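Got two chains here, separate frames each, mind docking them using the hints?
For the protein sequence lines, the chains are E and H, in the order given.
In terms of numbering that gives the first Met the number 0, the first sequence is numbered consecutively and its last residue is 187.
In terms of numbering that gives the first Met the number 0, the second sequence is numbered consecutively and its last residue is 546.
To be clear, the hints were calculated from the coordinates, so they are not data collected in a lab.
Hints may contain errors.
[Said to hold, decoys possible] Not the full set, but computed from the structure, chain H residues with beta-carbon under 10 Å of chain E:
{"id": "1", "residue": "Thr128"}
{"id": "2", "residue": "Trp132"}
{"id": "3", "residue": "Thr136"}
{"id": "4", "residue": "Asn167"}
{"id": "5", "residue": "Leu293"}
{"id": "6", "residue": "Gln307"}
{"id": "7", "residue": "Gly353"}
[Unchecked claim] Computed cross-link-like contacts, DSSO-like style, restricted to lysine-lysine with a CA-CA straight-line distance of at most 27 Å:
{"id": "8", "chain 1": "H", "residue 1": "Lys366", "chain 2": "E", "residue 2": "Lys26"}
{"id": "9", "chain 1": "H", "residue 1": "Lys366", "chain 2": "H", "residue 2": "Lys428"}
{"id": "10", "chain 1": "H", "residue 1": "Lys5", "chain 2": "H", "residue 2": "Lys206"}
{"id": "11", "chain 1": "H", "residue 1": "Lys428", "chain 2": "H", "residue 2": "Lys297"}
{"id": "12", "chain 1": "H", "residue 1": "Lys297", "chain 2": "H", "residue 2": "Lys366"}
{"id": "13", "chain 1": "E", "residue 1": "Lys115", "chain 2": "H", "residue 2": "Lys405"}
Every value quoted in this text rests on a predicted model; they were computed, and no experiment measured them.
We treat Cβ as the ideally placed atom computed from N, Cα and C, and that holds for glycine.
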Amino acid sequence: MQPDITDEQHQTMTLEAFADTIVPGEKRFPGDVAVAGAAPGGGAVAAGALALLADPATGIANDLGAFADLLNEHARKYIAEHGLTTDPALPPLVGLSFAHRTTLIQQLTGPDHPEKEFWILVALFSNMAFDTGAHLHTADAMAAGHPGLAAMGFARPGPDGLWRFPDYSYGRPLANLHPSTTASGSPS
Amino acid sequence: MNAVEKVDVLVVGSGFGGAIAAYHLAAGGASVTVLERGPWLEGEDFDHDFKLGSSYTRIFDFVVGDGMSLLGGNCVGGGSVVYFAAMPRAPRFVFERHGSIGRRMWPAAITRDALDPWYDRVTESLPVTRQDWSDVTYSGGLFAAACAHAGRTANPVPVAIDASKCTNCNWMMAGCRFDAKRSLLFNYLPAAIAHGATIRPMHEVQKLTRNADGGYRVHFNIIDDSDYRITAGDGVIDAKIVILAAGAGATPVILQRSEPELGTMPHAVGRYFSGNGERLNTAILNEDRVRDLLGLEKADGVPYAASQIGKGPCVASWDRLDGSRPEYTRYSLEQLYFPPGFGTILAQVPDATGPSWFGAEKKEIVKRWQSWLTIFAMTEDDNEGVFGPPPPTGNATRISQQMLGKGPIRYDPTPNTLRGWALADADVKDIMERDGLSRVMPWTNDVVGAYTVHPLASCRIGDDPATSALDDGHELRGHPGIFVTDGSAVPGALTVNPALTIAALAERAMPGIVRAARERGIDVTYGAPAPDGATSARNAVLALVRD
Numbered sequence: 000m001q002p003d004i005t006d007e008q009h010q011t012m013t014l015e016a017f018a019d020t021i022v023p024g025e026k027r028f029p030g031d032v033a034v035a036g037a038a039p040g041g042g043a044v045a046a047g048a049l050a051l052l053a054d055p056a057t058g059i060a061n062d063l064g065a066f067a068d069l070l071n072e073h074a075r076k077y078i079a080e081h082g083l084t085t086d087p088a089l090p091p092l093v094g095l096s097f098a099h100r101t102t103l104i105q106q107l108t109g110p111d112h113p114e115k116e117f118w119i120l121v122a123l124f125s126n127m128a129f130d131t132g133a134h135l136h137t138a139d140a141m142a143a144g145h146p147g148l149a150a151m152g153f154a155r156p157g158p159d160g161l162w163r164f165p166d167y168s169y170g171r172p173l174a175n176l177h178p179s180t181t182a183s184g185s186p187s
Numbered sequence: 000m001n002a003v004e005k006v007d008v009l010v011v012g013s014g015f016g017g018a019i020a021a022y023h024l025a026a027g028g029a030s031v032t033v034l035e036r037g038p039w040l041e042g043e044d045f046d047h048d049f050k051l052g053s054s055y056t057r058i059f060d061f062v063v064g065d066g067m068s069l070l071g072g073n074c075v076g077g078g079s080v081v082y083f084a085a086m087p088r089a090p091r092f093v094f095e096r097h098g099s100i101g102r103r104m105w106p107a108a109i110t111r112d113a114l115d116p117w118y119d120r121v122t123e124s125l126p127v128t129r130q131d132w133s134d135v136t137y138s139g140g141l142f143a144a145a146c147a148h149a150g151r152t153a154n155p156v157p158v159a160i161d162a163s164k165c166t167n168c169n170w171m172m173a174g175c176r177f178d179a180k181r182s183l184l185f186n187y188l189p190a191a192i193a194h195g196a197t198i199r200p201m202h203e204v205q206k207l208t209r210n211a212d213g214g215y216r217v218h219f220n221i222i223d224d225s226d227y228r229i230t231a232g233d234g235v236i237d238a239k240i241v242i243l244a245a246g247a248g249a250t251p252v253i254l255q256r257s258e259p260e261l262g263t264m265p266h267a268v269g270r271y272f273s274g275n276g277e278r279l280n281t282a283i284l285n286e287d288r289v290r291d292l293l294g295l296e297k298a299d300g301v302p303y304a305a306s307q308i309g310k311g312p313c314v315a316s317w318d319r320l321d322g323s324r325p326e327y328t329r330y331s332l333e334q335l336y337f338p339p340g341f342g343t344i345l346a347q348v349p350d351a352t353g354p355s356w357f358g359a360e361k362k363e364i365v366k367r368w369q370s371w372l373t374i375f376a377m378t379e380d381d382n383e384g385v386f387g388p389p390p391p392t393g394n395a396t397r398i399s400q401q402m403l404g405k406g407p408i409r410y411d412p413t414p415n416t417l418r419g420w421a422l423a424d425a426d427v428k429d430i431m432e433r434d435g436l437s438r439v440m441p442w443t444n445d446v447v448g449a450y451t452v453h454p455l456a457s458c459r460i461g462d463d464p465a466t467s468a469l470d471d472g473h474e475l476r477g478h479p480g481i482f483v484t485d486g487s488a489v490p491g492a493l494t495v496n497p498a499l500t501i502a503a504l505a506e507r508a509m510p511g512i513v514r515a516a517r518e519r520g521i522d523v524t525y526g527a528p529a530p531d532g533a534t535s536a537r538n539a540v541l542a543l544v545r546d
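One chain only, chain H, in its complex shape (with noise of 0.2 Å):
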C-alpha cells in the first residue's frame, strides 16, 4: 500500500486567492501545493480562435444555472488569466453596505482604509497602473465621450496590464498571447514555484475529509485533457491547512459535498452568493451622430466602427458612487467588449417587432456589430443567490467537452436588485441615446438568467456566524486549518470590478493564516516581498500585522 502523499498546506485553485496564499506561504517556508482543475497554459497557448477546442473553450468555464449564469476561469492563474485586468479599488461606501441582513455585512475589522495598505501589496505586485487616455480604446474614448456629451465624468480604469506589450486585439477572453495582460503567471505563481510550491493542473479538488491528527485528506479527479467531462484518475493528498480558492462557483459546492463527513457547515455556505449586481446593455451607434455631435474620427476618417479593436474595458463612468445615495442606487457603468458568441447572443433589438434575441431583426443589428458599444453596470444586488446541492462531481454537471455546464445555483433576483437594474439601464440609455447617438437595450434575462463574470460571497467573511461563513481571518467557522481566500469571501457585490478586492483580502489573510500554520507545527514565517522583490508595499504592511 502506497503512503498518502503530505504538505505542509493544500491550495485548491490557482487564481488570486490561491496564487497569493500559495506564494506567502511557499515564500515563508511551508511545503505547498496547489490543485487546478483546468489547464496549464502560457503565452503561445493562447489561440485567437473561437474554435471549439482551442484556448478560450479550454480555459473559461460557463456553468448555467436557474436564474444565474456565472463565468470564471479553469486554468492555472484562473480568473486573472482570462479576465480583462480592470483593477479599481472598491469605493468607501461599499464596506458600510448591508444589503439583506440589516446591519454591516462586513467585518468590523475592514473598512476601505484599513484595505488600501492590502491593495497597495496587490498593486505593487501584479503591478497595476493607471491608464492615460492615449492608452483609452476607441470604444473607451466613445464611451468617455457620450458620458462628458451628458454631463457625467468618466475615468480610464486602473488594469493590470503592460501596456508597452499590448497589441489591442481584443482576446484577452482567450488569455494573452502577448503577455501584455499581467496574470498571475507573471508574478505570485512564477515567484511561489521558485520558493518550492507545485501546481498540478488538471486536478479537481471533489471534498475534503478529516484526519486524526487535526489535518485533511483532499479528495481529488483527474480531468482529461481535452473531454472535461472524462475522469481520467483520481487521488488524496493529506495536509495540514487547506487553502479553498476555487472560486465563488466552486468553492462552496466542494464544501457541501464534503458536509457528511467534515460535518455541519455554517449556514452561509452555498448562501448569500452575489453576481456583483452585474448587467450589460449594448448601444448601437449612429455613427454620422458620433461625428457631429462628439466630433470623433478616427485615422481612416470612420467615426467609430471599431468595436472589434482594444483591451476590455478602458473607461468607467463612477457619477452613481456616491455614498450619500440609497444602497441599491448606487453603481458604475464600464465600457466593456465581450467577443462574438457570448458579447452578440444576449443583445436584443430595439423595437423588435418580433423575438428580440434572434431572428432575422437580430440577424440585421448583428451586421452593425462594429458599430456596438457594450456597458457593463456594476450595482448592488441583495446576495440572493443560493447554490442546491452539488452535482456528482465538479461544479456542474457539464455538458460540452469543455466550458459549458449545468450548476446548481438559483438566483431569483429581489426587487432591490431589480430597481439597481432598471435604474443602470435607464442611465446608460439616457447617456447613450441622447440627441440621437445610438440606440440601446439590455441583454436579455430570458435565456440563461442573469449572468456574472464575478461570482462572489457564496462562502462570506463576516462577524455574524448566522450569516457568513467565514471569520474575518477568512476561517470556516467550525472547521479550524480551513481557509477561503477567494471571490466567495467577498461579502457582497462592490459596485466595481473585483479582482483587486479580492486579491487584497487574500493578501489582508496571509499573516493571520502563517500563524494558524505556525500553531500546526508548520515552520514558516511572515513577510516576503512583493513577487519582484520590492519591499515598498511589504513594508507598510508589517507595521499592521506585528503585535
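The following block holds chain E by itself, in its conformation from the complex (with noise of 0.2 Å):
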C-alpha cells in the first residue's frame, strides 16, 4: 500500500507509466511502481520523458493533467473489463502489469481508436526523449550520459560541440552503374 499519493504524483506517475510503456526501462529505485522494469537499461523515463512532455514547445504541456485522467479513466475501464484486480492506492495505469498496460496502449494508438491522435502524440514525445533527448541541447545530453543516445551507441560531437567524421567512405566502387545512366549522372 502506498502512502497518500498527491494529484501531481498521481499525474507524473500515470505519464511515467504511459512512457515508460512505449520505451520501457528498468526500475529506477526499489519499489518504483510506476516503472515497469521490463527492459535493462534506462527507457523513456530516465530519458526524461516527463521533462519534454512539460516543455511548452511541445504545446502540449498545459493538458497533461487531463492526458493522465484520460489514461486512468481508460485503465479504469480496461480493469474493470478484464476482470482484474489492481493496488486501489495507485494511479489505475499504474496498478497495470507491463503487458496491459502495453495492450491498453496499443489499443488507444490504433487505427481505429477515436482518440489516436493525442495518445499517438504523447507516444511521439515519449519516444523522442530517448531517442533524441529533445528537452536538452545534444551536446549536454551527450555529456551527462543521456541513456537513449548512449543506447543507440550516438557518437559524441568535437570540442566545438560538432560532428564531423573524417573517415566516411569505403572509397571504392562497389556496384556496376546502371547501363543508361546518362552524363550529367542522372537515369535516362
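And the structure:
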C-alpha cells in the first residue's frame, strides 16, 4: 500500500507509466511502481520523457493533467473489462502490469481509436525523449550520458559541440552503374 | 491612412519555385518582394542539436494529415535548406505517365528532352555535380555492395553539395553548418537580392484578393519568432503579378482560402496531390555478414555500424526505372539517412511478438541503430491526395510551438499505389535480406499515415482544364497574373527526388512569366545568366525562347 499520493504525483506516475510502455526501462529504485522494469537500462522515463512532455515547446504541456486523467479512465475500464485486481492506492494505469499497459496503449494508438491522435502525440514525445533527448541540448545530453543516445551508440561531438566524420567512405566502387546512366549522372 | 505598399511582383515562398522566380524577375528589372513564412537562418545559425527550438524545429514543418504526413521546409531557402540535396533528373518515362486520368498527364510541350536544357540551367546555377565512389558514405557503399550482391546496379546520385566543405556530419536536415550544401542561400537568393529583391521572413501569406486594376492584394500574417502559433501582426501588399511557391502543402491552401473573394478555383486546386509514392524501409544489418558477404570493413576494423555518418542519400538503384515496365511498377530505391526521432519512431521490429513500433522489442532494435540502413523507395502513386477546407491560418493548425501541425490533407492510397509500395518493399527485402545480410521492415503507416518528404501535384500543370490547375505556362486557370512554380505544379510522382525537376520547371516557366509581366506594364526582360554569372546554360535556352 502506497502512502497518500498527491494529485501531482498521481499525474506524474501515470505519464511515467505511459512513457515507460513506449520505451521501457529498468526500475529506478526499489519499489518503483511507475516504471515496470520490463527492459534493461534506462528507458523513456530515465531519458527525461516527463521533462520533454512538460516543455512548453511541445504544445501539450498544459494538457498533461487531462491526459493523465483520461489515461486512468481508460485503465479503469480496461481493469473492469478484464476482471483484474489492482492496488487501489495507485493510479489505475500504474496498477496494471507491463503486458496490460502495452495492450491498452496498443488499443489507444490503434488506427481506429477515436483518440488515437493525441495518444500518438504523447507516444511520439516519449519516443523522442529516448531517441533524441529533445528537451536537452544534444551536446550536453551526450556529456551527461543520456541513456537513449548512449544506448543507440550516438557518436560524441567534437570539442566545439559539432559532429564531423573524417572517415566516412569505403572509398572504392561497390557496384556497377546502371547501363543507361546519362553524362549528368542521372537516369535516362 | 497609409498607402498600401506596391510592388511589380510578389513571390510567396523562397524555396526553389520562389527563389528562381525572384532572381529572374529582379535581374530582369522588376521590383520583387518575397514573403517567406519561416525564419532566415544561415551558417552558424544551423545547430547540431535535437533540442526543441533549435534550427531543425525552426526550419522544418511536419504536417500530419488524414492518411498522409508531409515534411517540408519552413525558412528562407525553403526545401533547399533542409533537404538532402540529391538532384537526379526524372527518367524519360515519367513524362509519359497517365496516372489516374487515363491519358498523358504532363503538358504535351514537356518531355525529358524538352526539359533537359532547363535541368542544365539549374545544374549550372547551384551547381549540381556527379559524385565519385570516394564521396560515397559507408551507408551508401553498403547499399551499393548489397545491390551488387543481389545482381543489381547502383549509382552514386548527383548532388548539390560542395564535397570539399562537407564533414559528413549528417545534420543536413537542421541546415548545413559548414556551407557545404549548395542551398538557395548561396545562388539564386543572394543574386536576387543583389538585383534589388527584398525577402521578408516570418511573413505567412493567407490569401489573395483582386484589385480593380487587375492586380492582386496579398494578405499576410507576421509570425512570432519562436512560437509559430502566435500572430504578431498582419498586412497587405499590392502586386501586378503573384508567384505562388509556398510548397505543395501550402499553395493550394492559400488558393482555397482566396476562393470566396477571387472566384471559383480550377477543380484541380487542392486535388491530385502526390506524395511522390514514397515509402521507407529499415534494414538492421548483421555486421558479420556485411564483412563475410560483401567484404566490407571500415578503417576501424568494424564492417559497418555507421548509420550516423554521412550526408543523406549517396547511392540509388535504378534497375526498376525501366520505361517498358507497366505504370505503378517502376521505382527507384535510394539509401537514405533520417536522424533519430524522424528516423526511428516509425521503424518496425521484424517478427515482433508485441507492438511493432514501440515497447521492449523496439528498444532492442533501437539499441542497434548504428547498424541500421534506411532505404527510400520513390514509386508511382495515384495522385489520390485531396485537401479539405483550409485551417483558419497557414496550412495547418499548429500543435507545437514549431514544426508540428495538423493539416487538411486526406490520402487514401489506391490499389495501384499499394501495389507499388508492396513491390518496392519486396525488392528491398530481396536485396537486403539475401543470405542473411540483414532483417528488413517497412516503416509503419499506422501512426501518422503514409508520409512524404516530397509533396507534389496539388496545383498541377497540364493541358486538360478538368485535371490541371495551371496551363503549361504555370498560370492559374481563370486567374490571369497568378503563377505557381513550386512542387505543387509537378503533375505527379517522379520516381526520383524531385527538387531538380521542380527547379527546372520553374526555370522553364520564367520566359513566359516575364512576357506576362511585360504585358502588365512591368519593365522587365528575360535573359539573366546563372546567379554566379555563368552563361552557357542561359545561352542554350535563349535559342528556345526567342520568338
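Notebook entry, point to check: Looking back at the numbered hints, which does the structure fail to meet, lowest number first?
Noted result: No hint contradicted; all consistent.
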